[in-house]
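If you read the sequences in order, they're chains V and Y.
Under the numbering used here, the first residue of the first sequence is numbered 1, with each subsequent residue one higher.
Under the numbering used here, the first residue of the second sequence is numbered 692, with each subsequent residue one higher.
It cannot be assumed that every hint is accurate.
Distance windows between CB atoms, simulated [what the hints assert, rightly or not]:
no., chain 1, residue 1, chain 2, residue 2, range
1, Y, Asp-741, V, Gly-663, 33 to 41 Å
2, Y, Lys-927, V, Asn-314, 40 to 48 Å
3, Y, Asp-822, V, Ser-183, 19 to 27 Å
4, Y, Pro-847, V, Lys-114, 19 to 27 Å
5, V, His-106, Y, Asp-746, 47 to 55 Å
With a Cα cut of at most 25 Å, we get these calculated PhoX-like pairs of lysine-lysine [claimed, not checked]:
no., chain 1, residue 1, chain 2, residue 2
6, Y, Lys-831, V, Lys-287
7, Y, Lys-897, V, Lys-287
8, Y, Lys-837, V, Lys-233
9, Y, Lys-927, V, Lys-97
10, V, Lys-196, Y, Lys-837
11, V, Lys-109, Y, Lys-828
12, Y, Lys-711, V, Lys-20
13, Y, Lys-922, V, Lys-442
14, V, Lys-23, Y, Lys-709
15, V, Lys-233, V, Lys-500
16, V, Lys-233, Y, Lys-874
17, V, Lys-7, Y, Lys-922
18, V, Lys-308, Y, Lys-787
19, Y, Lys-887, V, Lys-442
20, V, Lys-287, Y, Lys-874
21, Y, Lys-969, V, Lys-7
Since the hints were derived computationally from the structure, they do not count as laboratory data.
Where a beta carbon is used, it is the ideal one built from N, C-alpha and C, also for glycine.
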Amino acid sequence: MHGRPRKALKPEDEAASSAKAEKLRSLQAQFLANHQNSIYSKEALDLSAKLLEINPECYTAWNYRKLAVQHILSNSDSDPQSIFSDELKLVENALRKNFKSYGAWHHRKWVLSKGHSSIDKEMRLLNDFQKEDPRNFHAWNHRRFVAGLMERSEEDELKYTEKVIGANFSNYSAWHNRSVLLSNLLKREAEGYFPKEKVLEEEFQHVHNAIFTDPDDQSGWFYHLWLIDQTVKNEAPLLVSSWPSHGSSITIIGDNGLRGCGLSLLNGTQSDSGTLPIILYFNQAVKGINSSTVAIESELLTKELVWKPLAMNNSSTAQVWVVYLDLGNMELQQSKTYSVEINIGHSSGILSSNGNHYGDPSQISFEVFVQTANTEPTEGQGGKRTTWNDTNFQKIDHFQELDSIFTADQNHHIPKSLDWCTEEIVKEITNFRDLLSEYDCKIGKLTLARLLTALDMLSSQHDGRKSNTEEVLQLYTDLMKLDPTHSLYYKDERSLISLKQITSTRDSLLPYCHYHKDATETFTGHVCLRLQNLSLSRMGSIENLLWVQMLDLSHNELQSIEGLEAMQLLSCLNLSHNKFGSFTALGPLRLLKSLKVLNISYNELGSHSIDTTRYLCSSPVAHTEEFAWDRFETLTGSVNATNFWEAFLLFGSLALTELNISGNAVADENFRSFLVKVLPTLKWLDDEELS
Amino acid sequence: MGELATEKHVQYILSVEKRKDSFESVVMEHLRMNGAYWGLTALYLLGKLDTVDVDEVVSWLMSCLHESGGFGGNVGHDPHILYTLSAVQVLALFDKLDVIDVDKVTNYPFRVLSMFSYIAICCLSILHRLDKIDVEKAVKYILSCKNMDGGFGCTPGGESHAGQIFCCVGALAITGSLDLVDKDLLGWWLCERQVKSGGLNGRPEKLPDVCYSWWVLSSLTMIDRVHWISKEKLIKFILDCQDTENGGISDRPDDAVDVFHTFFGVAGLSLLEYPGLKPIDPAYALPVDVINRIFFTK
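If we strip away everything but chain V, and leave its shape as in the complex, we get:
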């Protein structure tokens, strides 16, 4: 099926092929008859062997061989060793015909597992096969299996990979095997492989041979990236950011005598439910966040709280966790400051997916100040439509909340052996600058960009080291030209770096923060983060944006909002003029309880036949939820959801008051009327007030 040249068969070849076919067909028919009737005579066995040597892919014949062997062994005078030796010989013959036959390799493994055969020959056989094709993964898998049976040490196997790589560095299979062996040795801190620093230093030098000899050969690329990760990674889960942030002061406005559910945050939105979220953002997915591992002390705490993982799929593991303080039913005292203290990780139980425990216990404390409302309580934006024009925004000079975010203790993710990590990364940077001075190659630029980014992450904010962001951005821009095939990969990476640059300090972020005024110039009290027109193809740095309630991402090139589910305060979102191609891509919005205003006009909804986020959001096809047929039928009167299930899953779980979907292929009258049915809270659709 592979690698056969296309050519019309001459008549004599056709005849020969037909004759061969007839022979094989007759052989197969006889074999099947023997198998059907459980005939295991010598004749029958020889026939099956003949078949397998011509066609090792005939899996039924391998089943037959196993049954035949078992049948023969049941005779008391059988000689297991010779029987299994015959099987091994047969497999060898079959493999010489097709050394990629799953059935043949599987049979060999089956024979060896029986324990009657000598394993010595195996290594020699494997060496033969690996000489023929050093990338034959069946042979490598078999080697791992045999090494296990022989109890060969990982160190010895590591030496073997060195030999193979020494003969020819362009052997990804050998580098892969090396990564497996080394992982194990490092993990169990085997003698000679601890501490990992020295090992990694040597491995870097090792892989340089591969990359620098021929930078266009991919064999060493991924191993090198793995080494970087091993160098800089932080095994222990740690808190990266939170909302409210440590040391901040949150003002809430109560009304109607400070009772009831009219609660809103200063410069914020009315919260119908009267709840105050507390968001914890970790450096990796964790489980075990509950009231024993995260202790909250405050007068505002009225009952046992349940921490929720912000996961799209009901997983109990997530990078971001949220809990809601229920303030709506409390009798809050005016002009009082309530303190909240959160202790994370004082008792064990918070674990990463690799089983690593939370790092040093940390603490967050913030204040909640209660203030009476001066004006009449307003609903949403005062019942007026939200407008996103430039004229509706006014720059901010000073923004108290921003101050507390950036003065919060940011030393959460500095790895233990910081000095060695930094030294190693700096060495690598020098090596790759040297490479680039000789050969302006893609892997050189890409690796340099990654190394500089890693170095920036390792530096704390306090050591005054200038960040490398500008150079990294330029490298990605260069790569988009150097390697246009993968330009959108580099663009995504560049977007992430841009966002990191924008959100990293108070001064860099402030220019993007604006007050929002409505059409009558009334100060609505909302602070909007305006990130439009930045050529962003991807969202990131969301850990720095947990405070945002109003966000303008319009006029970018976004097709996904992965990670946005962490922005639990978000109530107004503008995604117009982007590249969203499906409703499933907006899946993260389902977890935003406060979202009221959404603009997704001028995107590509309904223009694509293929949905690239179909399995990244919660849905029945991913078995993370049942389809709500009852609700669907009640709202739409239909029992066929094939056309609108994606829209139903999204909008059916949101309580939007404003929605804008014009400029999308999907937005015809039929769809609009469907939306109105599914969003009973909707007041404005495409800038028209609904009756």
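With chain V's structure known, arrange chain Y on it following the hints.
Leaving out everything else, chain Y in the frame of chain V:
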């Protein structure tokens, strides 16, 4: 850029059924059930499933069903999970899943702690019987096959290979577990399968092959990183692999064609939104219409 020779490919697929006398055909008789799935799904994507006699296919298919509930690759061949999935997929295409006794078929031993995890998960999911296996255990096993490059091998410690990556990512997709995939890391490894000619290979430093237009592309699609390759260049590569005279698509330009590569070439073009093709679901490798029908009609 060339065009997709739809009519030629339809004729080619239909003719393979009749060309049973060549040596190549006989040597692959044992996997006819797979061949049926490849050919018929390709016809569906090309909009020509109605050129086939449904009853004839279903009747032959059912003659491959064993007492154990599994299907064999052809009449007389032992049951195997691979052919059981293909049989179920073919029946789904024709909307004829009601001809089988679901309890019987789902009682076939579906081994999940192996490279066949995906097969079990996909098959049971189509039959709405995922409860027949321990999904958590299956997911855990799949994760144990994850490698340093973000990809997956056939066994724990096995080298990442695009075919196996498709199986693992597909299984994780169907079980709502894609959060366990490092999408950026794997996405980069996958997008680097695109070589100068625009085709995709299955592992670093190997030759491109049209079937990887499926294995790599569907994986990229499921993790939403398909924009990291050049779609135009891949479309051109696939079209260059056509035999525009006799129909069919081959692994590489000017090689011999076969139904396997014809299907994966057409499926790849469908994922690339080539005009005129029905869309295919990247996880189930069945038309989107078929999957929507299975999950979204009461």
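Hint numbers not upheld by this structure, sorted from lowest to highest: 3, 5, 7, 9, 17, 18, 21
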